[in-house]
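Protein chains: 4
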Amino acid sequence: MWGRGTALILIDLQNDFCHVSGTASKRGKNLTDVQSAFKNMVRLVNVARKENISIIHAISEHSIWSQSPSGKERFGRQEQKDTLSYCQPGTWGANIYRPFEPKPNEKIVIKHRYSAFLHTNLELILRASQVNHIILLGLYTNVCIDSTAREGYMRDFNVTVPYDCVASDNKQKHEYALYLLQGTFADIVHSSTFIK
Amino acid sequence: MWGRGTALILIDLQNDFCHVSGTASKRGKNLTDVQSAFKNMVRLVNVARKENISIIHAISEHSIWSQSPSGKERFGRQEQKDTLSYCQPGTWGANIYRPFEPKPNEKIVIKHRYSAFLHTNLELILRASQVNHIILLGLYTNVCIDSTAREGYMRDFNVTVPYDCVASDNKQKHEYALYLLQGTFADIVHSSTFIK
Amino acid sequence: MWGRGTALILIDLQNDFCHVSGTASKRGKNLTDVQSAFKNMVRLVNVARKENISIIHAISEHSIWSQSPSGKERFGRQEQKDTLSYCQPGTWGANIYRPFEPKPNEKIVIKHRYSAFLHTNLELILRASQVNHIILLGLYTNVCIDSTAREGYMRDFNVTVPYDCVASDNKQKHEYALYLLQGTFADIVHSSTFIK
Amino acid sequence: MWGRGTALILIDLQNDFCHVSGTASKRGKNLTDVQSAFKNMVRLVNVARKENISIIHAISEHSIWSQSPSGKERFGRQEQKDTLSYCQPGTWGANIYRPFEPKPNEKIVIKHRYSAFLHTNLELILRASQVNHIILLGLYTNVCIDSTAREGYMRDFNVTVPYDCVASDNKQKHEYALYLLQGTFADIVHSSTFIK
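Protein chains in written order, with my numbering: chain L, 1 to 196; chain H, 197 to 392; chain V, 393 to 588; chain Z, 589 to 784.
Taking lysine to aspartate or glutamate pairs in the DMTMM-like style, the calculated list, with each CA pair at most 20 Å apart, reads:
no.: 1; chain 1: H; residue 1: K268; chain 2: L; residue 2: D156
no.: 2; chain 1: L; residue 1: K103; chain 2: Z; residue 2: E649
no.: 3; chain 1: V; residue 1: K565; chain 2: Z; residue 2: D775
no.: 4; chain 1: L; residue 1: K171; chain 2: H; residue 2: E371
no.: 5; chain 1: V; residue 1: K464; chain 2: H; residue 2: E319
no.: 6; chain 1: V; residue 1: K464; chain 2: Z; residue 2: D744
no.: 7; chain 1: H; residue 1: K268; chain 2: L; residue 2: D187
no.: 8; chain 1: L; residue 1: K173; chain 2: H; residue 2: E371
no.: 9; chain 1: Z; residue 1: K660; chain 2: V; residue 2: D579
no.: 10; chain 1: Z; residue 1: K660; chain 2: L; residue 2: E123
no.: 11; chain 1: V; residue 1: K421; chain 2: V; residue 2: E567
Since the hints were derived computationally from the structure, they do not count as laboratory data.
Just need the whole structure built from these sequences, with the hints factored in.
See below:
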């Protein structure tokens, strides 16, 4: 089910999104589904490590250097506080959540937008590794998973999303996103597909 | 509501997607919602023309030169016939649907993937025109509109999608896509917002 | 010497650059070297056609839609006249120079900057055709050939430039550019390498 | 001479390129011109710091994750040893050379190819900072400086290269590259232009 040419990409598994003391939780986001999915994600990562699949951690970093003009405009209008930010470089919140701590032979890709492909080195890395199939897991199904899956497919990678290894703060959005991805941009499967 | 720096982008309004004799219709896709939206789209385009807003027609072209390896893999597995293709260069099906025929001062952007930004000159053109706000209309809400809206937002453009000027062959997917875009990637409004 | 996976890319072989009545000639550019190289280019194209090598015509189009802010700034300072422009879409000057007229199975790629890769569909097309080696010919060695060769190499293509099939309006710049490309970005060879 | 909207970009000022114990020196590259230029570079950086110009350090990282297929092919043919590599992540050689150590408010951009724009976050960062003019300094004039200058100009930035703040292991290549950049891709000036 894996085969050469496959990479596992973990998306946004950082304290600010995952940990009860992180920004998401502090801002009142519901972590229930996110936390329920962790054990499935960990199991899949462990299998991939045993099988020597390439593992890439795509993580967010947000600072004044990368602040999107359109994001600033949108957040400004929505009167969102910017006193509490997500994933500022060098902070605890930006660190990868403990259960997903990278091994030395795994690669970290830093992203500043939702898609892990946009203005990053992800495509370069996948092509250098002769990967043509990516499996996405992490957060949130309807934002970064969805955007990365679409762009990956459009950049000519085969994309699989194991639905029990992705989650959102909103169950309905999670389900809608999987429904829209299925068949058009990605294969949506249960992670047991990859586990003998 | 428009202001300098706005462009109207028409997506995939070509015979193969719009016309009863086009590929979509011949393959049994439901054109009801698509055709109902045409009058709203035409009205919005006319207003934009009067206001001298930049108008860009982003259209699909599919041929052996641009065939996606991941698309080929996916379509192959789904046993889709490739005897009838969409928007082959030089065919009637690839032509822009009559009611949206471009004026000489409007720009055509050719795309080979769902997003109008990926591997095209769209961003270059928008920046050369000092556009920072794009309004998207056309087809399909959950595929090319959604993918273009996301990528546009992530490339730092403000994005508006008038919900009565986009449509899909599947009403549920249309609604899910708008729900997921709203507030995160785009402003979803009625086109009357732009019409005095 | 060719092998599967090779494409021949013709760059800027348009009337405005090649023809004695084109913009370059009218502005006093020296066409001597350019015109001397045509017969070598034609011979190489003919061989490629016989061998069924993929042939791509990368051509320039310049209009108000694609005008570079940095270019505008630079040309403004140099007090260059913009009354006579290069390769305006729809004009005779933008047409491909007669001896290089494309065959129906050849692909045209439109570019708005010097490099044929930047903000174009060239990389998408090369990957869809499983090309990993490109041979560049055309104009000018030190501008569009050089910029395309560099970017092609950095995008992981093997690049060959047959030195007798590229030319410039300035022999010294032609030679300097080949000297800088050689060994770092491209293989510089005589076109006879490709002709049995 | 600076003005808002300007950023200073330092390129490849890392131990492996700059230090007598680095890879370049060990492989017998001539560091004379490189080391002579350091004092000019330091002076310019100090002025920029006083003027609160944005400072970005673009540095190379090379590992198995980013190895170019075309590079591998080229180096293989040239029988270059790969036992001694440049700028492996986490090594002393990849560290920024002491005299150019970044201040906390300066940004580091990691690149895997010669151009600092290709498959990096540099353009995103420059646009987020509303920069439209970049000044390049560092190494080597004919490789990374040249490639970054071209791509920056083609991505619509105004580009300045202070010729006394860039250097190469080969004086002739340094001079040829400046000659080809001048007037077409960049303004070539003496750094005193920026120093009152």
